[in-house]
Amino acid sequence: MTSTPPVAAVSQTAPEGGSDQAKTAIHGRSRGQLALARLRRDKVTLTALVICAALLLVAAISPVLSHWGVIDPLRNNPHLVTEVGSLPNGPGGGMSWQHWMGVEPGTGRDLLSRIVAGLTISLTVAVLASLLTVVMGTCLGIIAGISKGKTDWAISRLMDIVLSFPQLLMLLSLAPILVGVMHQRLHLPEGTPSQIGFMVLVLGCFGWPQIARIVRGQVLSLREQEFIEAARSLGARRAQLYFKEILPHLWAPILVYVTLVMPQYIAAEATLGFLGVGIQAPTPSLGSLLNDSVTYAVVDPAYFIFPGATLAVVVLAFNLLGDGLRDVLDPKGGTRA
Amino acid sequence: MVFFVIRRLLAIGVMLVVTSVVTFLLFFAAPTDPAALTCGRECTPDLIDANRHAMGLDKPIHVQYGDFVKGLFAGRDFPDDPVQKAQAPETIVHCEAPCLGYSFLRQAPVTELVTQALPVTVSLAAGAFVLWMLIGVLAGCVAALYKGRWLDRLIVGGALLGYSLPTFFIGLLLLTFVSIRWAILPIPSYTPFLDNPLQWAAGLVMPWTALAVVFAAAYVRLTRAYMIESLSEDYVRTARAKGVREPRVIVKHGLRVALTPIVTMAGLDLGGLLGGMVVTEQVFGFNGLGKLAVQSVTNVDLPTIVAVVLVAAAAYTIANLVVDILYGVIDPRVRLK
Chain A
232 MTSTPPVAAV SQTAPEGGSD QAKTAIHGRS RGQLALARLR RDKVTLTALV
282 ICAALLLVAA ISPVLSHWGV IDPLRNNPHL VTEVGSLPNG PGGGMSWQHW
332 MGVEPGTGRD LLSRIVAGLT ISLTVAVLAS LLTVVMGTCL GIIAGISKGK
382 TDWAISRLMD IVLSFPQLLM LLSLAPILVG VMHQRLHLPE GTPSQIGFMV
432 LVLGCFGWPQ IARIVRGQVL SLREQEFIEA ARSLGARRAQ LYFKEILPHL
482 WAPILVYVTL VMPQYIAAEA TLGFLGVGIQ APTPSLGSLL NDSVTYAVVD
532 PAYFIFPGAT LAVVVLAFNL LGDGLRDVLD PKGGTRA
Chain B
44 MVFFVIRRLL AIGVMLVVTS VVTFLLFFAA PTDPAALTCG RECTPDLIDA
94 NRHAMGLDKP IHVQYGDFVK GLFAGRDFPD DPVQKAQAPE TIVHCEAPCL
144 GYSFLRQAPV TELVTQALPV TVSLAAGAFV LWMLIGVLAG CVAALYKGRW
194 LDRLIVGGAL LGYSLPTFFI GLLLLTFVSI RWAILPIPSY TPFLDNPLQW
244 AAGLVMPWTA LAVVFAAAYV RLTRAYMIES LSEDYVRTAR AKGVREPRVI
294 VKHGLRVALT PIVTMAGLDL GGLLGGMVVT EQVFGFNGLG KLAVQSVTNV
344 DLPTIVAVVL VAAAAYTIAN LVVDILYGVI DPRVRLK
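Protein sequence lines correspond, in order, to chains A and B.
Each residue of the first sequence is one higher than the one before, starting from 232 at the first, in this note's numbering.
Each residue of the second sequence is one higher than the one before, starting from 44 at the first, in this note's numbering.
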């Protein structure tokens with residue numbers, strides 16, 4: 232849907248577009264090459280890809296930036312917040328050349344620095360949770376799809392049960408219990424690491440059924456094909472069958488799913504932060520920043536709008552990328568919105 | 044059809060039992076001791092033991108679960124102690140038949156807390172549901188009919204933006220600007236429908252909008268995708284060729300087919316909404332199930348948490364059943380099977 236620039240029907244043998252048009256009239260191209268050619272023509276997805284890559288890069292190097300003093304998320308600037316109620320001086324929440332997005336009311340900490348540092352935490356949670364989701368979902372999906380009968384039945388019912396739990400409510404209600412477990416049983420350091428561990432674990436454990444369903448469906452059709460039978464008759468062991476024969480055919484739906492689940496998890500982290508059970512201040516994350524700023528929403532809207540808008544941009548970029556990748560990798564399918 | 048419904052009902056019964064067992068284990072087998080949290084600073088070990096006995100937490104976990112189920116159907120006493128009941132009946136708290144537990148922190152039966160909160164949540168959900176279905180399906184149809192033109196791009200772009208904004212961000216923006224800064228709408232509040240239907244709607248219109256923006260976006264995408272697919276079918280061309288009027292073609296031939304996936308998603312979303320209203324209720328300060336959950340989590344009020352999770356899970360499972368039955372109404376082929 233995002234790739235509204237018309238994607239011409241590309242057939243396996245048709246000569247079409249790009250640099251290799253000059254060479255020969257007819258030649259085969261791999262699925263990867265076809266996808267790449269389609270991606271190059273899809274400006275929206277390319278832009279989203281660049282933005283997502285930039286966001287991930289910023290998130291990755293923000294500890295270094297903070298070490299060098301380029302950003303300083305924890306330094307207080309009391310001289311910048313001398314208005315009534317410790318509100319920032321000047322318009323737009325104290326925007327200035329030193330503080331592009333203004334400063335925090337009360338402490339005077341630089342908002343841009345806090346958003347950049349917060350991005351690291353938020354994206355760490357999202358990436359780790361997506362990984363856990365995908366690994367669990369793929370493994371269980373392959374196993375369910377390939378084994379007939381009882382195992383398939385058991386895994387499918389497990390999916391139904393997990394799906395019937397209200398995810399947000401579970402995250403919320405398990406928070407006080409599981410953050411403690413993280414610290415006591417798994418010996419994660421108290422505070423932020425325990426909170427990250429808890430969010431990754433719960434998001435992963437309640438998120439895997441969707442990808443498992445997709446994978447199971449794919450495997451059900453794959454396993455009837457000749458190459459699987461060939462591998463079986465050649466004496467391939469089960470693990471080999473799962474991971475060497477079937478897994479390579481699944482990378483496209485998995486990749487698409489990861490990019491679509493990332494924004495959900497980024498938003499989930501922010502939502503939990505907003506509800507006060509996620510990452511806690513003073514550690515910045517998009518969630519904890521929003522939680523801090525909610526009380527100032529009326530008197531200092533800039534303090535609330537900047538983290539909120541950042542969150543919206545991050546989520547939007549990943550959504551666009553996911554949608555675009557789906558069109559690129561699977562131009563015929565993708566009717567599901 | 045009757046047989047089908049009975050079989051589904053049985054399956055749902057099993058699902059609910061499993062869900063309740065899992066929820067029970069998750070919360071009551073957790074390392075936190077709910078009894079220790081029942082009294083404040085004046086706690087003595089004796090008092091904690093007495094409360095543990097009163098809550099029935101001194102029994103093995105499977106007996107506790109049995110008590111819980113018994114309370115659900117026959118009501119139960121806290122503490123469940125025949126000797127004490129005979130000697131001092133005034134110290135016993137009786138919990139009426141659909142007994143979801145007793146909240147020692149609030150000194151009230153959980154069923155009462157839930158039934159107080161339920162109308163608020165249902166009002167929020169029902170209004171938002173009507174709004175987002177109308178907007179979503181209508182805009183999706185329009186986008187499909189104007190596919191590729193600027194109106195389509197506008198709708199699709201808007202939907203993607205709405206899809207990427209978290210509920211609490213939209214809610215807080217609306218609350219801050221529309222209601223507090225510009226004072227266009229009154230500050231949201233809940234009035235029971237039967238007291239004053241107009242005031243009920245006026246107080247709820249903003250949360251409905253906030254919820255509808257996020258959910259409508261998904262329906263725009265879904266409706267558009269399925270409408271484009273169904274309108275390109277041969278029978279649509281046939282219908283047009285034999286002179287069926289355009290509105291009839293769109294509704295009877297196009298939308299009818301697209302309705303099945305829309306109803307599926309609508310049912311599941313509505314079912315999931317009871318547990319997903321946490322954020323909206325928190326933003327607008329409505330005392331619904333979600334807020335009850337947040338408060339119980341903050342106070343580690345385990346009986347209430349378990350009850351809310353179970354009610355939400357039950358709502359989701361029942362929504363599943365309704366969707367299944369509606370399939371038969373929409374698609375006659377399902378009935379024949």
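Quick caveat, the hints were computed from the structure, so don't treat them as lab data.
Just to be clear, a hint being listed does not mean it is correct.
What the hints assert, rightly or not - To give an idea of the chain A side of the interface with chain B (calculated C-beta under 8 Å), a few residues:
# : residue
1 : S395
2 : F396
3 : A462
4 : L465
5 : L551
As the list claims (entries may be wrong) - Simulated DEER-style distance windows between Cβ atoms:
# : chain 1 : residue 1 : chain 2 : residue 2 : range
6 : B       : V221      : A       : S387      : 39 to 49 Å
7 : A       : P420      : B       : C86       : 28 to 38 Å
8 : A       : L486      : B       : E289      : 17 to 27 Å
9 : A       : R306      : B       : T158      : 42 to 52 Å
Yeah, the Cβ is synthetic: ideal placement off N, Cα and C, and Gly gets one too.
Tested hints:
1. Given hint, S395 of chain A at the interface with chain B, holds; its Cβ is 5 Å from that chain's nearest Cβ, closer than 8 Å.
2. A hinted interface residue such as F396 of chain A counts as satisfied when its beta carbon comes closer than 8 Å to some beta carbon of chain B; here the least separation is about 6 Å, so the hint holds.
3. Residue-level restraint check for A462 of chain A is violated (minimum Cβ-Cβ distance to chain B is 35 Å; threshold 8 Å).
4. Annotation: interface hint on L465 of chain A violated; nearest CB of chain B at approximately 40 Å, more than 8 Å.
5. Residue-level restraint check for L551 of chain A holds (minimum Cβ-Cβ distance to chain B is 7 Å; threshold 8 Å).
6. The hinted window of 39 to 49 Å between V221 of chain B and S387 of chain A holds, with their beta carbons roughly 46 Å apart.
7. Evaluation of the 28 to 38 Å hint for P420 of chain A and C86 of chain B yields a pass: the beta carbon distance comes to about 29 Å.
8. Our hint of 17 to 27 Å for L486 of chain A and E289 of chain B is violated, since their Cβ atoms are close to 41 Å apart.
9. Taking 42 to 52 Å as the suggested C-beta distance range, the pair R306 of chain A and T158 of chain B conforms, at roughly 51 Å.
Violated hints for the displayed structure, listed by number in ascending order: 3, 4 and 8.
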